[in-house]
Amino acid sequence: MAIEGGYGFLEGVIFVNSCDAMRRLHDVWKRYVSTKFIHILDIPMGNLSLGSKYLEIEFLKLKSALEKHISSPIKEEDIKNAICIYNISRLLYNQLNSLRMEDPPLITAGSLMKITSDFFKVEPEVWNEKIKQLIEEKKSDTPKVEQNKNPRILLSGSPLHEIEFIKFIEEIGLNVVYEDLCTGSKFFDLNVKDSNNLISSLSEAYLTRTPCARMMQIKERADQIIKNSEKFNVDGVIHHSLKFCDTYLYDVPALKKILVENGLSVLFIESDGGLGDVNQIRTRIEAFSEMIKN
Amino acid sequence: MVSHSMLKKYFGQLETSLRSKLESKVTARRRFVYEIARIGSRIFDNDWSIGWTTVFVPYEILNSMGVSGMFIEFFGAMLAGSGMSSKYLEISESKGFSTDSCSYHRTIIGAAMDGLIPEPDVLIGASIPCNGGVKALKRIGEIFNKDVFILNIPIEVTPDGVDYLTDQYKEMIEYVENETGRKLDYDKLKKTIKYNNQAREYLIEVNNLCKNVPCPANSNDLKNFIIFVLLQGTKESVEVAKLYRDEFKFRVDNKISGLPEEKYRLMWIQNRIQFKTDLLNILEEKYGANIVIDELNHIWWEPMDENNPLRSLANRIITHPIVGPVDRRLEVITQLAQDYKIDGAINPAHWGCRQSAGARVLFKDALQKIGIPLIHLDVDCVDERNYAPGQIMTRLEAFLEMLSSY
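Protein sequence lines, in the order shown, are assigned to chains A and B.
In case it helps, the working numbering puts the first sequence at residues 1 to 294.
In case it helps, the working numbering puts the second sequence at residues 1 to 406.
Don't take each hint at face value.
[Stated by the list, open to error] Calculated lysine-lysine pairs in the DSBU-like style (CA-CA distance at most 35 Å, straight line):
| no. | chain 1 | residue 1 | chain 2 | residue 2 |
| --- | --- | --- | --- | --- |
| 1 | A | 61 | B | 369 |
| 2 | A | 36 | B | 364 |
| 3 | B | 190 | A | 243 |
| 4 | B | 21 | B | 191 |
| 5 | A | 219 | B | 223 |
| 6 | A | 138 | A | 63 |
| 7 | A | 53 | A | 227 |
| 8 | A | 219 | B | 170 |
| 9 | A | 53 | B | 190 |
| 10 | A | 227 | A | 138 |
| 11 | B | 21 | A | 257 |
| 12 | B | 146 | A | 257 |
| 13 | A | 193 | B | 170 |
| 14 | B | 223 | B | 276 |
| 15 | B | 223 | B | 9 |
| 16 | B | 25 | B | 9 |
| 17 | A | 53 | B | 369 |
| 18 | A | 256 | B | 87 |
| 19 | A | 193 | A | 231 |
| 20 | A | 243 | B | 341 |
| 21 | A | 30 | B | 369 |
| 22 | A | 53 | B | 188 |
| 23 | B | 188 | A | 243 |
| 24 | B | 263 | B | 170 |
| 25 | A | 227 | A | 293 |
| 26 | A | 121 | A | 132 |
| 27 | A | 193 | B | 183 |
| 28 | B | 369 | A | 68 |
| 29 | B | 188 | A | 257 |
| 30 | B | 8 | A | 256 |
| 31 | B | 183 | A | 53 |
| 32 | A | 227 | B | 146 |
| 33 | B | 369 | A | 219 |
Think of the hints as simulated: they come from the structure by calculation, not from any bench.
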């Protein structure tokens, strides 16, 4: 799509050294797509004692590269403002997300994933206002969610961009109440502290946040899934891994073992993120649903 | 469930058999494999601690601390070469490891699950060349209830990056000291740098000799030479490198070709196929096609400073062509193609290798620009269960026919 100009509207792309495939995507993008600004950010994993300082340097390099590109300095107060706005976004999301603690949840995963998806596309201030309104509406309105006693699911795994995939799980008769995904609830599980060194605050926040599989901290990852499973009172965990996504695939046997030992029912699904092999996935999710109902 | 005594026996027998062959005739290849077998046996030597690692860790430091480092992909390859990988692949797959992941890793995970490998004292994984290696090491660590020390190798060559890796090496030394009670012998470390520099000089000569037409080496002389990293910084590494230099120099001086009637000169990208196959023999005997350079045998680093060993070692790894964006790797591949006067390149495109697969189109592009054809074989280098020799050979034959028309 990018090679054919589908992302021609982008001024720039910032890649993250999140996995081997992403590093190569950066290489191929540089070679075949003429985006004006291309940058790769090197984020450390695992042992973080020295990583925070290194990430700070990486953020400063990105800042300099952006300043050069826009021919204008990025002021400290601009960073402070942005941190504040994004902290508000995360706070608002979590307020909205808490509606899913109710049984049945007062907002569907499909609509929440749409809201999450919008976050990546619109100005955060605009998004924040929209969410504030939505929260007010939810407070004043009678819930319009269909009453059901469907099993409650925490969805974990590789980043998912297909809202249809979440809707598909809900249509089968499961309430997805938390997305432990980099493109779902977990994305908003972060708070950047105000300080005299904002770049350092950013570095610390991103390195100490709930880890994804890429950070090589499976115990911490599992702990967070268990904690959120309790908080959102889930009946089971669906772990979805994208095909060929090593960072998640290599974790599956070990993660499954930890979660099962902690009393959670787990279904592992591997797919290309779309609904190509829909019937097979449907059968497995239906069987899982029946199992956790009992 | 097997015991790791089987492995001890394997290395012991290999060592004995090679020693006896060396007594009758010394060749560089024999000596090289003998030294590797000795390192294999060393993991059962109580005088040494055991370190399971990924490939880009500083063995010089481990050697100086009395830790026998062993990278997991080497073991995957070795088990494939002994025809044992299928068993361990099946074990790991039965426990839920995806068949789409790297079979080097699945093999060693299966072997660890089956009790084949001895318990490590330390586990050290580096972020480069791949995430899969670190993940595999984590899974092996869990079997022994041990965590993995992770080295983040910066993807850009900058002074800050070298500082960062140097500091991580210092933390790694502390970690090894805590886990094993072994202290770093700094004088020993300095000596490893000296040996590394000496071996490096010989290896540069070895590679330069291979630029001759015909090449003094055949396709097998420097096969899997990447495992030389296990010897780096030892007296034996210098001896092996010198033997290769002497052997190849003798052949060049006496106009002895590594492969009689060398017709096509080929470059091999990344790792070789590890299980037994007659592919290379057919290429050599039937077509006169010789692998004159393996991409991974390139000596990329500058001489190191004995008085600044940690920083030198950090700098060596950060400047490795596989670290960082692919540009440096493409430059090296292109340069090697020209220096070694190759006619074509083979990339096995190992199934499950994410760090390389995404760049395959770029390898082809880069070589095409200088008029060198490349073939992707699409093969799994460790898992022979789905290997289709006829199909691979047909593709290679067509490739060689095409070379003849260039």
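Checklist entry - Of the numbered hints stated previously, which ones are contradicted by the structure, given in increasing order? => result Hint check: 3, 5, 6, 11, 17, 20, 23, 24, 27, 29, 33 fail, others pass.
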